[in-house]
Amino acid sequence: MEVVAKLLELAGIKRDRVQLRRVSAAEGALFAQYVNDVSETTANLGPFDKDKYQLQLAAIERACNTRRLRWLIGMEHHLQNHDNVYETRTNPDLVIETLDEAIESEYHKGLLLEVLKDGPLSVREMAEKTGMPVYTVSKRLNELESDGMAEFDSHEGTTPKFISLAA
Amino acid sequence: MSEWEPKILAFLCNWCSYGAADLAGVSRMQYPPNLRVIRIPCSGRMSPKFVLSAFMNGADGVWVSG
Numbered sequence: 001m002e003v004v005a006k007l008l009e010l011a012g013i014k015r016d017r018v019q020l021r022r023v024s025a026a027e028g029a030l031f032a033q034y035v036n037d038v039s040e041t042t043a044n045l046g047p048f049d050k051d052k053y054q055l056q057l058a059a060i061e062r063a064c065n066t067r068r069l070r071w072l073i074g075m076e077h078h079l080q081n082h083d084n085v086y087e088t089r090t091n092p093d094l095v096i097e098t099l100d101e102a103i104e105s106e107y108h109k110g111l112l113l114e115v116l117k118d119g120p121l122s123v124r125e126m127a128e129k130t131g132m133p134v135y136t137v138s139k140r141l142n143e144l145e146s147d148g149m150a151e152f153d154s155h156e157g158t159t160p161k162f163i164s165l166a167a
Numbered sequence: 001m002s003e004w005e006p007k008i009l010a011f012l013c014n015w016c017s018y019g020a021a022d023l024a025g026v027s028r029m030q031y032p033p034n035l036r037v038i039r040i041p042c043s044g045r046m047s048p049k050f051v052l053s054a055f056m057n058g059a060d061g062v063w064v065s066g
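The listed protein sequences correspond, in order, to chains A and B.
By our numbering, the letter at position 86 of the first sequence is numbered 86, and the numbering carries on one by one without gaps.
By our numbering, the letter at position 17 of the second sequence is numbered 17, and the numbering carries on one by one without gaps.
Don't read these hints as lab results, they were simulated from the structure.
If you're wondering where the values come from, they're calculated on a predicted model, not measured in any experiment.
Note that beta-carbon positions come from the ideal geometry of N, C-alpha and C, so glycine has one too.
Among the hints, erroneous ones may be present.
[Stated by the list, open to error] Below, a sample of chain B positions facing chain A; criterion: calculated Cβ distance under 8 Å:
(1) Ile8
(2) Trp15
(3) Asn34
(4) Ile40
(5) Cys42
(6) Gly44
(7) Phe55
(8) Ala59
(9) Gly61
(10) Trp63
[What the hints assert, rightly or not] Listed below are the simulated EDC-like cross-link pairs for lysine to aspartate or glutamate, each with C-alpha atoms no more than 20 Å apart in a straight line:
(11) Lys14/A with Glu61/A
(12) Lys7/B with Glu125/A
(13) Lys49/B with Asp51/A
(14) Lys52/A with Glu128/A
(15) Lys7/B with Asp51/A
(16) Lys161/A with Glu125/A
(17) Lys14/A with Asp22/B
(18) Lys7/B with Glu128/A
[Unchecked claim] DEER-style ranges, computed between Cβ atoms:
(19) Val37/B with Tyr86/A: 26 to 36 Å
(20) Asp22/B with Asp16/A: 46 to 56 Å
(21) Val134/A with Met29/B: 53 to 63 Å
(22) Trp71/A with Arg45/B: 14 to 24 Å
(23) Asp22/B with Trp71/A: 31 to 41 Å
(24) Gln54/A with Met29/B: 15 to 25 Å
(25) Ile38/B with Glu40/A: 39 to 49 Å
(26) Arg28/B with Gln80/A: 39 to 49 Å
(27) Pro33/B with Asp83/A: 45 to 55 Å
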């Protein structure tokens, strides 16, 4: 849940749109109160414009499907609560930091792969379509290339164009 | 035109919150009608994909409750 909320936040979607609550079957009143809370919070955020966020949502889905994030989420609890083979424990802040880095990078790569679906693009075009700075685009594109998920395609004039190798 | 009401998609665990929702109904408690409920076998069944498809299909908010 935390990961999804962070991804939504990166995409410019307010994290309060997703909420997690605990209610036991015996707590009807608490349930009714939570319905009030949740609908009030959502009402304050206003309507969600799904058409505006198609690209971002698709990128989040890609990010959630990556091995890196799935493994990290699976390992998070273990890393924070158990000793390693050297009988030391990883600093919990470091685990969160690593996860945050991975979330950001996988989200950016998801965005790039989404816009590359429709054909080859230059770095500048990708930056325009995703709203990311040119520097971030070339950094993430580099990561994609070393993972074998994108490659150089052709030149248009002197501008290099790239294509996605991912499904 | 009527006032805008948020569309909230609620994923309720069969054993916890779904029971609570039932109880709230049986005890005739008042709560806003802008909730669409989907019953899941357990909140462990929840997947990020559910949240995303909720938004892609026009939900304004998502509530996961266990």
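Against the structure, the hints come out as follows:
1. Among the interface hints, the one on Ile8/B holds; its C-beta lies about 6 Å from the nearest C-beta in chain A, closer than the 8 Å criterion.
2. The beta carbon of Trp15/B comes within 6 Å of a beta carbon in chain A, closer than 8 Å, and the hint placing it at the interface holds.
3. A least Cβ separation of about 5 Å between Asn34/B and chain A falls short of the 8 Å threshold, and the interface hint therefore holds.
4. The interface hint given for Ile40/B is violated, since its Cβ lies 13 Å from the closest Cβ of chain A, which is over the 8 Å cut-off.
5. The interface hint given for Cys42/B is broken, as the beta carbon of that residue sits about 13 Å from the closest beta carbon of chain A, more than 8 Å.
6. For Gly44/B, the interface hint is violated, since its Cβ never comes within 8 Å of a Cβ in chain A; the closest pair sits about 12 Å apart.
7. Interface hint at Phe55/B: satisfied, since its Cβ lies 6 Å from the closest Cβ of chain A, which is below the 8 Å cut-off.
8. Using the Cβ-Cβ criterion of 8 Å, the hint placing Ala59/B at the interface with chain A is satisfied: the shortest such distance is roughly 7 Å.
9. Here the hint on Gly61/B is kept, as its CB sits about 3 Å from the closest CB of chain A, short of 8 Å.
10. Given the 8 Å rule on beta carbons, the hint for Trp63/B holds: about 5 Å separates it from the nearest Cβ of chain A.
11. Proximity of Lys14/A to Glu61/A is assessed by CA-CA distance (about 17 Å); at most 20 Å being required, the pair is judged to hold.
12. Only pairs whose Cα atoms come within 20 Å are accepted, and Lys7/B paired with Glu125/A is rejected, the gap being roughly 35 Å.
13. This hinted pair checks out: Lys49/B and Asp51/A have alpha carbons roughly 18 Å apart, not beyond 20 Å.
14. The straight-line distance between the Cα atoms of Lys52/A and Glu128/A is roughly 15 Å, inside the 20 Å bound, and the hint therefore holds.
15. Only pairs whose Cα atoms come within 20 Å are accepted, and Lys7/B paired with Asp51/A is accepted, the gap being roughly 16 Å.
16. The straight-line distance between the Cα atoms of Lys161/A and Glu125/A is roughly 9 Å, inside the 20 Å bound, and the hint therefore holds.
17. In summary, the hint linking Lys14/A to Asp22/B is not supported, as the alpha carbons are separated by about 30 Å, beyond the 20 Å threshold.
18. At roughly 32 Å between alpha-carbon atoms, Lys7/B and Glu128/A are farther apart than 20 Å, so this suggested pair is violated.
19. One distance hint, 26 to 36 Å for the beta-carbon pair Val37/B and Tyr86/A, is violated here, with the actual separation near 48 Å.
20. A hinted range of 46 to 56 Å for the beta carbons of Asp22/B and Asp16/A is inconsistent with their spacing of about 27 Å.
21. The hinted range of 53 to 63 Å is satisfied by Val134/A and Met29/B, whose Cβ atoms lie roughly 55 Å apart.
22. For Trp71/A and Arg45/B, the Cβ-Cβ distance of about 21 Å falls inside the hinted range of 14 to 24 Å, so the restraint holds.
23. Checked against the hint of 31 to 41 Å, the pair Asp22/B and Trp71/A passes, with Cβ atoms roughly 38 Å apart.
24. At about 38 Å, the beta-carbon gap between Gln54/A and Met29/B misses the expected band of 15 to 25 Å.
25. At about 21 Å, the beta-carbon gap between Ile38/B and Glu40/A misses the expected band of 39 to 49 Å.
26. Distance hint for Arg28/B and Gln80/A: a CB-CB separation of about 44 Å, consistent with the stated range 39 to 49 Å.
27. Here the CB-CB span from Pro33/B to Asp83/A is close to 51 Å, well matched to the stated 45 to 55 Å.
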